[in-house]
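Trainee: Chains B and A are the protein sequences, given in the same order. Heads up: the first sequence at position 241 corresponds to 241 in the numbering used here, and the numbers run straight through without jumps. Heads up: the second sequence at position 372 corresponds to 372 in the numbering used here, and the numbers run straight through without jumps.
One should not assume that every hint holds.
Because identical chains cannot be distinguished in the list, a pair is counted as satisfied if it fits within a single copy or across any two copies.
Lysine to any residue pairs mimicking SDA-like chemistry, simulated, CA-CA at most 25 Å apart [said to hold, decoys possible]:
{"#": "1", "residue 1": "K111", "residue 2": "S335"}
{"#": "2", "residue 1": "K111", "residue 2": "G296"}
{"#": "3", "residue 1": "K57", "residue 2": "A187"}
{"#": "4", "residue 1": "K85", "residue 2": "D70"}
{"#": "5", "residue 1": "K85", "residue 2": "D153"}
{"#": "6", "residue 1": "K319", "residue 2": "R385"}
{"#": "7", "residue 1": "K85", "residue 2": "D295"}
{"#": "8", "residue 1": "K57", "residue 2": "I321"}
{"#": "9", "residue 1": "K319", "residue 2": "P175"}
{"#": "10", "residue 1": "K57", "residue 2": "A176"}
{"#": "11", "residue 1": "K85", "residue 2": "L161"}
{"#": "12", "residue 1": "K111", "residue 2": "N412"}
{"#": "13", "residue 1": "K85", "residue 2": "H149"}
{"#": "14", "residue 1": "K319", "residue 2": "L422"}
{"#": "15", "residue 1": "K111", "residue 2": "V414"}
{"#": "16", "residue 1": "K57", "residue 2": "Y159"}
{"#": "17", "residue 1": "K57", "residue 2": "L280"}
{"#": "18", "residue 1": "K111", "residue 2": "C193"}
Just so you know, the hints here were simulated from the structure itself, not pulled from any lab data. Bear in mind the structure is a predicted one, so any value in this text is a computation, not a measurement.
Now for the letters of each chain:
2 protein chains.
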Amino acid sequence: MRRDDPRLVEVGAKAEATGPAPAQRDAREGAPPQPGLEARLMRRLLASLGDPALRVKLWNGESVATGSGDPVAVVGINSRAALAKLLLHPELYFGEDYSDGSIEVEGDLVKLLELVYRGTAGATFPGALFRLAGRRRGNTLSASRENIHHHYDLGNDFYRLWLDPEMVYTCAYFPAPEATLEEAQIAKMDHVCRKLSLRQGESVIEAGCGWGALAIHMARRYGVRVRAFNISHEQIVYASGRARALGLEDRVEFVEDDYRNIAGRCDAFVSVGMLEHVGLDNYDRLGRVIDACLDGRGRGLLHSIGRDRPAELNAWIDKRIFPGAYPPTLRQMLSIVEPREFSVLDVENLRLHYALTLRHWLRRFEGARDEVARMYDERFVRTWRLYLAGSIAAFDAGALQLFQVLFARHSNNVLPWTREHLYARRD
Amino acid sequence: MRRDDPRLVEVGAKAEATGPAPAQRDAREGAPPQPGLEARLMRRLLASLGDPALRVKLWNGESVATGSGDPVAVVGINSRAALAKLLLHPELYFGEDYSDGSIEVEGDLVKLLELVYRGTAGATFPGALFRLAGRRRGNTLSASRENIHHHYDLGNDFYRLWLDPEMVYTCAYFPAPEATLEEAQIAKMDHVCRKLSLRQGESVIEAGCGWGALAIHMARRYGVRVRAFNISHEQIVYASGRARALGLEDRVEFVEDDYRNIAGRCDAFVSVGMLEHVGLDNYDRLGRVIDACLDGRGRGLLHSIGRDRPAELNAWIDKRIFPGAYPPTLRQMLSIVEPREFSVLDVENLRLHYALTLRHWLRRFEGARDEVARMYDERFVRTWRLYLAGSIAAFDAGALQLFQVLFARHSNNVLPWTREHLYARRD
């Protein structure tokens, strides 16, 4: 349906709605058709999202268009029940309804979600008005194990379909936007190692090591000894197997244990993409662990998804993708190091790199969608598509950030003089 | 007096004290001489400072040595009154007594102060135990004017004696430690401009512009229009004269006014070395000013002396050098930007660059000490020497930090892709 479609009626400054909704239709002869209750409620929801340029088609044939310019997508809402849920808690039920197919999107899903993020930036997400008081999952030792299992133990075969060959499932670093995902993940690992100024023979503790790519990279390329911790059983099994296959068992030890149980000393402490799963309540605990690991020349790096201002994780992501996760603000991240004898040396925000990383993942995922559907089902495909697309949108719109925080003991004066070494040619 | 001097007596594990203090002398025939009350109090003070490797000579001929290895300096305390004040409030009266000559230091003053900073790192400065409840000066509009006048209106002729030719009185950026001070101050200005991604024709607001070097540099080298604010009358007069002499009146406007009165819009907001004088109470006010200045593509940079953990400024520095000043922690700095629609993009800690900057200043200052003494007096020379030496020590020991914080509107996606451009060759 186009803007000049005669059935469209202006509703408010920017919005239009029309269609055959007989119960609410103005009965006067010749008067333009009035939108039905459903269409008006939908329009109000869209207004609260900042009137993004899109068109919504309801199951009853009515249609609502908002924003100026061509719509980036047409959203189909296929039942009254789906609309009711959406109105009740849009943040949660857009995802639920999209996953089960009762909401469909034609057009650019990423752009649609980005418009919504931009439209609601600075505001509390309108869903919060209706939010059902649901207690989110905490991160006790056992809850953490369950939360991590939920996501990371989906099966290595699944992740292998769309991650890079090294299986790095965190934000890559693209020296230039044209770099491949493979190059960018290696560049990210080098970026981290360079920030930490790793020297041959030093010892490193890694908290939350995924499939072990960084630990193995540090040992192979920087000659350090690594102890890497993770509570995902599948990941630890995979990582240990890889270390053995590469003959690195004596240099890299993969430990299936919680970061809270880390003991021993090291020259560098690194955690890439774990902090999101730690939870604010445990930051002090994590800080004490890091403090106990590092001596006077110790350095640390925390890499995490973050926010500009404190906010809960999107309700649907919390329910379906990352139970118990929380992206902190930079100030919250700094609360881990400030109480200890650390100086913050460097903070870098890589949010646009994460948006690009996710674009690579989404493209590979779509290329493997039939295989994913065979491994799981159609609902799973739609859930993961929405998660990846929504994450691109959130990083693009600035609703999410990616912070790398480097710190060292404040008495440590043997640090690189500038950051120029991070940008030296890689040969 | 050397370690093997037979008159020295071991006091405690590391400390020695002796000398002719007849009142307290052990009267038994043949027993080693006992230290007097003054020496014992002095020793206790030194223990609370972490037993730095130094020797203290009292007016009565007694001597106290602490630490292991050769003493870095010999401290002479020339009267009982000086010692009494020092014991009462060492943080304040070391400076007071050094300035008036009732405490003298032979040897490495910087190293001596650094040992004390390192020895008390993490602890509350022991002086706090005795601190007289003194209300520090605030930073209301009129108090700020007085505070700034106290330091920055000492006379341009004085600062010209030991600053670089551009009169930059903030931390320089040394691409390599061998760079000259002149080179390093220009490199710092370029570093700031590059971080802000200044583009020809853009407008910049600078809060706290010193003698105008950065404002003039931005206009000349980056083709931007600048409005630069400062409440130091002498500095504004000097800066305006320089802009006129360079024919830049149409591109750089120097305004004698408080940052709280800044109005209007700009593409970039920059403040180098002003935040130290703003005071925590006014951070929200400053944040609102910045927020009102920047549009969707706006960038901002705050450059300030800081701390790893919250602490008051050294009492003597507050009294004699920078009344009302306060170096914030990074988290406190971020409280300026977090409540607004900003993303932190980059934080860099340049504390070792400030230590080196100060070494250059102190060397030049000592080279001009006779001239300074003629302009002011001997006490002034000693006060400034202690301030410069103490600042070197504080940055070297990590008691002070130097943070550059870069931020932008969180919807701004037209930012440099990486930070590599900061390290491009300067031709």
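Trainee: A separate judgement is required for each hint: does it hold in the structure or not?
Mentor: Results for each hint:
{"no.": "1", "hint": "K111 <-> S335", "result": "neither (35 Å within a copy, 32 Å between copies)"}
{"no.": "2", "hint": "K111 <-> G296", "result": "between (48 Å within a copy, 19 Å between copies)"}
{"no.": "3", "hint": "K57 <-> A187", "result": "neither (45 Å within a copy, 58 Å between copies)"}
{"no.": "4", "hint": "K85 <-> D70", "result": "neither (27 Å within a copy, 77 Å between copies)"}
{"no.": "5", "hint": "K85 <-> D153", "result": "neither (30 Å within a copy, 67 Å between copies)"}
{"no.": "6", "hint": "K319 <-> R385", "result": "within (16 Å within a copy, 62 Å between copies)"}
{"no.": "7", "hint": "K85 <-> D295", "result": "neither (54 Å within a copy, 37 Å between copies)"}
{"no.": "8", "hint": "K57 <-> I321", "result": "neither (28 Å within a copy, 69 Å between copies)"}
{"no.": "9", "hint": "K319 <-> P175", "result": "neither (34 Å within a copy, 49 Å between copies)"}
{"no.": "10", "hint": "K57 <-> A176", "result": "neither (40 Å within a copy, 63 Å between copies)"}
{"no.": "11", "hint": "K85 <-> L161", "result": "neither (33 Å within a copy, 73 Å between copies)"}
{"no.": "12", "hint": "K111 <-> N412", "result": "between (46 Å within a copy, 16 Å between copies)"}
{"no.": "13", "hint": "K85 <-> H149", "result": "neither (29 Å within a copy, 64 Å between copies)"}
{"no.": "14", "hint": "K319 <-> L422", "result": "neither (38 Å within a copy, 42 Å between copies)"}
{"no.": "15", "hint": "K111 <-> V414", "result": "between (46 Å within a copy, 17 Å between copies)"}
{"no.": "16", "hint": "K57 <-> Y159", "result": "neither (34 Å within a copy, 71 Å between copies)"}
{"no.": "17", "hint": "K57 <-> L280", "result": "neither (41 Å within a copy, 53 Å between copies)"}
{"no.": "18", "hint": "K111 <-> C193", "result": "neither (35 Å within a copy, 33 Å between copies)"}
Violated hints, listed in ascending order, are 1, 3, 4, 5, 7, 8, 9, 10, 11, 13, 14, 16, 17 and 18; each of the other numbered hints is respected by the structure.
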